[in-house]
Amino acid sequence: METKQFVIVGIAIALVIAIAAPFLASGNPDGLESAFFSIYGAKPFMGDELDEDAAGAAEEQAIATTGNDFAHEALMPDYSIPGMDKAGEVVAVVLGTLLMLVLVFGIAKVSARSDN
Amino acid sequence: MHIPDAFIPLGQALIYWIIALVFIALALRWARRSMGEEKIPLVAVLAAGIFAIQALNIPIPWGTSGHMVGAALAAIVLGSPYAGVFVLTLVLLVQGIIFGDGGITVMGANIVNMGVVGGFVGYYGYTGVKGLIGNSYAAAFIAGWASLFVSAILCAVELAIAGTFPLGLGLTMMGTYHAVIGLIEGGITAVALYLIASARPDILERPAGVSA
Chain A
1044 METKQFVIVG IAIALVIAIA APFLASGNPD GLESAFFSIY GAKPFMGDEL
1094 DEDAAGAAEE QAIATTGNDF AHEALMPDYS IPGMDKAGEV VAVVLGTLLM
1144 LVLVFGIAKV SARSDN
Chain B
7 MHIPDAFIPL GQALIYWIIA LVFIALALRW ARRSMGEEKI PLVAVLAAGI
57 FAIQALNIPI PWGTSGHMVG AALAAIVLGS PYAGVFVLTL VLLVQGIIFG
107 DGGITVMGAN IVNMGVVGGF VGYYGYTGVK GLIGNSYAAA FIAGWASLFV
157 SAILCAVELA IAGTFPLGLG LTMMGTYHAV IGLIEGGITA VALYLIASAR
207 PDILERPAGV SA
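Residue numbers (this note's numbering), protein chains in the order written: chain A, 1044 to 1159; chain B, 7 to 218.
For reference, chain B alone in the conformation it holds in the complex (with noise of 0.2 Å):
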């Protein structure tokens, strides 16, 4: 879902930098309040395995693939939504630069869709869903899934208002694609939160596992 340079024209691809600006400095904020320096390593290693599963692209049906995004296992993980501002942030800025996935000067839309969108709707998401039912890996599925799904919606909408999709259209591909491609990263981010909590059910800000 990386939006390439020609996708945006530049006034728009600022006015999305400003928004990414904004949320990095509360990502920011956040880490130097509330990011204990025991979780450093951790965020280090999740910001690398979420690097490397980007890179692997699983095939969906209609000659299509998709992979995994991780904001909302990053948020979900380390208990914030601004975390998966912190680590998307991170991982966009040396995909967009070294890898030339994802364009320069879109990358704050990339910022926001990803990162922004995909910490809030992945934690919000995760919380909401595990106080309904209970199921702490259910939540992280359906709010990974959500994550996912939202941020191409999202995607769907700036390339509207870019004039590079029409607006119907690129809701119902962007929407369908999408809707496949949040199996994985919900699938994935059930499984990870699982290893994670198994390994070390210390490190998670809220405890996983199903609650009372």
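In isolation and in its complexed conformation, chain A is listed as follows (with noise of 0.2 Å):
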């Protein structure tokens, strides 16, 4: 496969997963955030539910216990785009992905070794 070839079939995957992932991804919460609702009593370790009064406790009490309440207003905050829906998080993923493949173009164009 040419390289331009190889390049354009794997933009192509990486903006076909984008595209899907809002839909096809689990809501659940992932494995060091359900460790950490099972510890502060939110989630059975090995259940289901998640009580959301004491998730919101949890993380408060994380906060108190380390004393880092830093806080960082993100610009399309969990993947998604404040007051749109689905449409929003497919436009966040896809923005990601393309902001991804010019920024580590850049980066790398300046930091890889020169072959000339």
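Keep in mind the hints are simulated off the structure, nothing from the lab.
No residue lacks a Cβ here, since even glycine has one placed at the ideal position from N, Cα and C.
Treat the hints with caution; some may be incorrect.
Far from chain B by the CB rule (all over 12 Å, computed), these chain A residues [stated by the list, open to error]:
hint: 1; residue: Asp1096
hint: 2; residue: Asp1128
hint: 3; residue: Ala1130
Chain A regions said to be covered by chain B (calculated; three or more residues, Cβ under 8 Å) [to be verified]:
hint: 4; segment: 1049-1057
hint: 5; segment: 1060-1073
hint: 6; segment: 1077-1086
hint: 7; segment: 1102-1109
hint: 8; segment: 1144-1152
Mind docking these for me? Both chains are given alone in their own frames, and the hints should help you get the complex.
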């Protein structure tokens, strides 16, 4: 496969995943969040039910424990666009994917070995 | 496995940032010496694909989910653990700043866990297992699984030091969930390596396939 073709196919696969991800992705807490909620009594270790109130309290408790209350206002929090639903999530993940492509290409270009 | 800001005190977060910066400097040195210009499009596409697939949380039992990290894949395909550091640092930077996924003060810890540990366990797991059993794809599966599992164990230890998790409970829970999530990492790593090796056998730093 030519490099150009390989890159186009690669970008196409990345974009297909990016568009599909908001529809297919599980909304369950990830492994770290699940462990955190279980330890702080908001979810059973091997059970499904998440107690939203207890989960919120757990986050407060973590801040109290570590003293790290740093907060950062993300542009597209949790891969979504505030005020938009699924379409916003698709746009967010697609934009992120395209941004990665451009950013990493640029950084790789300035940091790669020059062969000439 | 993206640690949020609240989970680690600032002083400790700074130490992880220092460790991360050392590895980022080493990754840039690797790029300058070993990442040829012909690899640039591949690195960019790989990073974009890893970002996209990280948004795809796959359900596992116990009301939990997990997603691929991708450091092992980057390290295996580009032939260096530092490739995992290079790609994951940029993925985590964008995820943290623009999408609020993973904290800012604790980004160093996330880079250490997913980029450094993922890259090193992934790369040396792959070369080691491949040397033992000869099959690239089985080696990629095992290395992918191990990279995620070891990252999770280190994360549990860091959170125990932080006072956020008790050590035993943290290790048990993080280990259990990520032993399963590791199957996702291993599976996608092996399949992606197969697809890349089939399309462009030449771009792999070491020839994939079954070695004699």
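Structure-based check of each hint:
1. Listed as a non-interface residue, aspartate 1096 of chain A keeps its Cβ farther than 12 Å from every Cβ of chain B; the least gap is roughly 17 Å.
2. Annotated as non-interface, aspartate 1128 of chain A keeps its C-beta farther than 12 Å from every C-beta of chain B; the closest such distance is 16 Å.
3. The claim that alanine 1130 of chain A lies off the interface holds: its Cβ sits roughly 15 Å from the closest Cβ of chain B, which is beyond the 12 Å cut-off.
4. Figure legend: the segment 1049-1057 of chain A, annotated as covered by chain B; annotation consistent (7 residues with Cβ-Cβ distances under 8 Å, at least 3 required).
5. With 12 residues carrying a beta carbon less than 8 Å from a beta carbon of chain B, the segment 1060-1073 of chain A meets the three-residue requirement, and the given coverage holds.
6. As drawn, the segment 1077-1086 of chain A meets chain B at 6 residues by the rule of a beta-carbon pair under 8 Å; at three or more, the given contact holds.
7. Chain B is given as covering the segment 1102-1109 of chain A, and this holds because 5 residues of the stretch bring a CB closer than 8 Å to a CB of that chain, at least three being needed.
8. Given a C-beta distance limit of less than 8 Å, the hint that chain B covers the segment 1144-1152 of chain A holds, as 8 residues qualify and 3 suffice.
Consistency with the previously given hints is maintained throughout, with no hint failing.
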